[in-house]
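K.L.:
What follows is the residue order along each chain.
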Amino acid sequence: MSVDENMVRRIANLARIGVSDDDVPGLAKELSAILGFVEQLSELDTDGVKPLTSAVEDKIRGRDDVVTDGGYAEDVLANAPEKDDEYFAVPKVVE
Amino acid sequence: MAETNNLIAGATGDWEIVLGLEVHAQVASTAKLFSGAATEFGAEPNSQVSLVDAAMPGMLPVINWFCVEQAVRTGLGLKAQINNYSVFDRKNYFYPDLPQGYQISQFQQPIVGEGAIEIDLDDGVVKKIGIERLHLEQDAGKSLHDQHPDRSFVDLNRSGVALMEIVSHPDMRSAAEAQAYVKKLRAILRYLGTCDGNMEQGSLRADVNVSVRKPGDELGTRCEIKNVNSIRFIGQAIEFEARRQIDLIEDGGTVEQQTRLFDPKTGETRAMRSKEEAHDYRYFPDPDLLPLEFSQDFVDEIAESLPELPDDKKARFINDYGLTPYDAGVLVGEAENAAFFEAAAEGRDAKAVANMVIGSVFAGLNKADLAIADSPVTAAQVGQLVDLIADDTVSGRTAKEVFELMFEEGPEQGKDPAFIVDEKGLKQVTDTGAIEAAVDEVIAANPDKVAQAQERPKMAGWFVGQVMQATGGKANPQAVNKLVMQKLGLA
Amino acid sequence: MADLTELNLAEARDGLAKKEFSAVELTEAHMARVSASSALNAYVLETPEKALEMAAESDKKIAAGEARPLEGLPIGVKDLFCTKGVRTTACSNILGDFTPPYESTVTQNLWGDGAVMLGKLNNDEFAMGSSNETSRFGPVVNPWKANGTELVPGGSSGGSSAAVAARLGIAATATDTGGSIRQPAAFTGTVGLKPTYGRCSRWGIVAFASSLDQAGPITHTVRDAAMMLTSMASFDKRDTTSIERDVPDYEAALTGDIKGLRVGIPQEYRVDNMPAEIENLWQQGIDWLKAAGAEIVDVSLPHTKYALPAYYIIAPAEASSNLARYDGVRYGARQNGVDIDDMYAQTRAAGFGDEVKRRVMIGTYALSAGYYDAYYVKALQVRRLIAEDFTKAYEKCDVLLTPTTPSAAFPIGKNVEDPLEMYLNDVFTVTVNLAGLPGISVPAGLDSDGLPLGLQLIGKAFGEEELLRTAGVLEEAAGFDAQPQDWWSA
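Residue numbers (the working numbering), protein chains in the order written: chain E, 1 to 95; chain R, 96 to 586; chain S, 587 to 1076.
Keep in mind that the hints were calculated from the coordinates and are not lab data. Heads up, a few of these hints could be off.
[What the hints assert, rightly or not] Here are some chain S residues the structure puts well away from chain E; computed CB gaps all over 10 Å:
hint	residue
1	Ala596
2	Leu631
3	Glu639
4	Val672
5	Asn733
6	Glu830
7	Val833
8	Glu837
9	Thr841
10	Asn859
11	Ile882
12	Asp913
13	Ser954
14	Ala973
15	Ala1076
[To be verified] DSSO-like cross-link-like pairs, simulated, lysine-lysine; straight-line CA separation at most 27 Å:
hint	chain 1	residue 1	chain 2	residue 2
16	S	Lys823	E	Lys59
17	E	Lys29	S	Lys891
18	E	Lys59	S	Lys1046
19	R	Lys186	R	Lys321
Built from N, CA and C at the ideal position, the CB exists for glycine as well.
When you get a sec, could you build the whole thing from the sequences and use the hints?
P.N.:
Here is the structure:
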């Protein structure tokens, strides 16, 4: 399956990775090659096979409903590229 | 049962509104769904944020088992199918208040399946609204967009708080039905203790799906109005949106599927900025978690601990206390109100108690903007006052006076109704002899009126009024009436 | 004093206990070597002050008779492990100068057992690669050279493998998602161990593919690997995929006795165009184990050839989601934009390298509407078939023996233009990650260019004791003692 340039732009947008017009053809080629490689899976008949999401066979483990975390806003904000007092700051979002 | 006609008249005929609601209810829990940070409302920004909530590199989710319990409890309260096996999926999209770039939610296999609730409409009509599913998911943080010209600010305190998303079937046909649905759902959640239903604080919000069609036609294209956070706004938003869609279609246009926001200031909905791929969430099972599984025992234990729910309580109030459906419905609106009523009604005339609770207590609380927990008049005092009426110590009218005094004074010791009646000398005069004397006096003083009354019996009321005045309002009105009629020869 | 950097972990532990040298001396010797070896570009951040502090603390503990299992032993840490107060970048520009306010569980376990941190090691960006050529800090050079050409040390844990091979740390932490511990170990003549999925906690390790990532050690010897695993492994409540299971003393498993052990030889690992040298080494390995008393069994893992394509759907899919958090909002480097979406697009375009972008995009595609069933679900179904292959094989054998890689280390720059060619490096290793099993690479011989080749042993889930025991026997039989000639010291 090959991906065309429109698809490349669509995927790049979904992934929020900016691509220049110059990048697109090369990416289309590379992605198509990789997809061509992985497509050999369609050779296999997997009817009725249950997908394996995790190698772990154990049951899910949970925690108690107690506060054991948080309360360190300084650490949380310490690496912020931009902040205003106690908030993270980002370019304006228009809804 | 015949459905009320909910059709809206348009230029080209009648239209039917079709409504489905997705309600997001914040789970009443101490800690978040997948992190140990606190969930309390109103904390300093980013002070209830763990490294997991901030989506720092290498952080991993661990489920809060109590939130699972709360979801099961809610599912049982909605008479819904509980799925002992369900899966957490990642819903992928980018937004600054979504730190991971995905929300942990449930897509194809939610924890709760089909259920239903009954909503109470005017005229005592009861309608069943189907619930398609309930699933657990993370809430996002909060963004502030109006503090700065070119910057938005992000507070992640709410990020990761547990939400139950409750999806209804598109069974509602009017704003009133949608409001009744949310009211009922909220009551059930509060009864269960699984969500505090505080819409102002955002613990309960509704996404309203609105579409219109000519009766009998296929479903129209729907628009989703997101995050409506009051019952009043839900009504306004639906009214506006339905009208907008009808006008649009009648003017020759087509309704585009959109996500919209309701603006309370203008009472209008407007489209959100949309991106074409906005809805490709690329759901897949979260590989940092395992499938959510629990035993039937786990479910059964929760089922055994369920409190009596509003509908059952209402039915019991009607059956056991002989209340009207309307009164029962009002009393069970909040569990605390119902409890107040039952405490007051114990061992006495429930209807009389109901009247006083609804008429005086609720009215007084509404006016003073108080919750039942802060009622200046206690359930015991209400009961006592009802007793005083029952044994003719005071008349109904005087009782109202006593009630107001109690309400103003507050529940201090010694200010019980009996005390107040005594203190203010409000005791009803029931002594037949005394009343007879008063009646005789008035009759004697007004011979011309007596003659008039004998011709027009309605004039007896004047005499009753005079006697009441003469006794300072304390005479038992029924006794006065009886004697007046007797003495005038009208009985 | 003999060159303290010639010691392996067990020897150094011994020497410290016998007070032949101090922990500070041991650390200083390694630090000096690290400083002189920048040509290899193995370290992206040296932490000399911290190292000396920790070594001094270790000396105190040793003097007080309170030596912990790894007391005073200097190691390097792959820059994928979050280290508290020490810059952690995953070798990506997008993390900028990110300094975690927390320590990963695995490294915390190591410090808790007395190990000393020399610094952070280079790796392929976000652990995506098989040659350590995609790092923001530039490629790592393999201390092994052939014909004067600079070679790759393997990836993604190239810094870890190069450091250990060049003796810039007695051992190193690494991670393995599709072969990233075992392949670099094979390329550098070191031992690389990937434990069972869930054995080591993933908390605090920059996530690449959640259902495949696993931390493990790169060391000189099998014994050293056992020592490291005993410390690194633990049950961690903060990681839902961490398995609650006691950590045995893995060293105690090294009895040297594999009599009666059934060693499976999977026929499908005999790939087309397999170099004769690799084939011969494999046969050599079979003979060694047979001579040690093992029973050799032919087995079949029929879906082997589909492992690589399945991996290159599953890993990118999970990665595309795991890397969404790198958006310039809360940490790392940010590029300004006219609005939020522009900021995201620019930040991620500038911050991610080409290979990362490719994989994120492949993953995004594989999960997107219309393609999810054909790609992602399909790959997960194939994954189950692969896992079942192993389960069936393990009815007939206890461990499996295969080559680790289809070739020796290749020149830097050879495959950078061809992602698919690069992916083929993982052909023998990815099956193990998909099935969540433990695997180890043991240096077994040299090729005709004098470059190291490794043999891989694959075990049952939580069968690390048996695996290490077998690896110990293989190591003994192979007697690999070649060392790279030092050409890089300043």
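K.L.:
With reference to the structure, classify each hint as holding or not holding.
P.N.:
Cross-check of the supplied hints:
1. Ala596: holds, 31 Å
2. Leu631: The assertion about Leu631/S holds, with a minimum of 16 Å to chain E.
3. Glu639: holds, 22 Å
4. Val672: Nearest chain E Cβ is 13 Å from Val672/S, so the label holds.
5. Asn733: holds, 30 Å
6. Glu830: At about 7 Å from chain E, Glu830/S fails to clear the 10 Å cut-off, so the statement is violated.
7. Val833: holds, 16 Å
8. Glu837: holds, 26 Å
9. Thr841: Label holds. Min Cβ-Cβ 28 Å, cutoff 10 Å.
10. Asn859: holds, 17 Å
11. Ile882: holds, 27 Å
12. Asp913: violated, 7 Å
13. Ser954: violated, 7 Å
14. Ala973: violated, 6 Å
15. Ala1076: holds, 34 Å
16. Lys823/S / Lys59/E: Cα-Cα ~13 Å, so holds.
17. Lys29/E / Lys891/S: holds, 24 Å
18. Lys59/E / Lys1046/S: Holds: Lys59/E and Lys1046/S sit about 20 Å apart, inside 27 Å.
19. Lys186/R / Lys321/R: Distance of about 17 Å is within 27 Å: holds.
The structure fails to meet hints 6, 12, 13, 14 from the earlier list, while all remaining hints are met.
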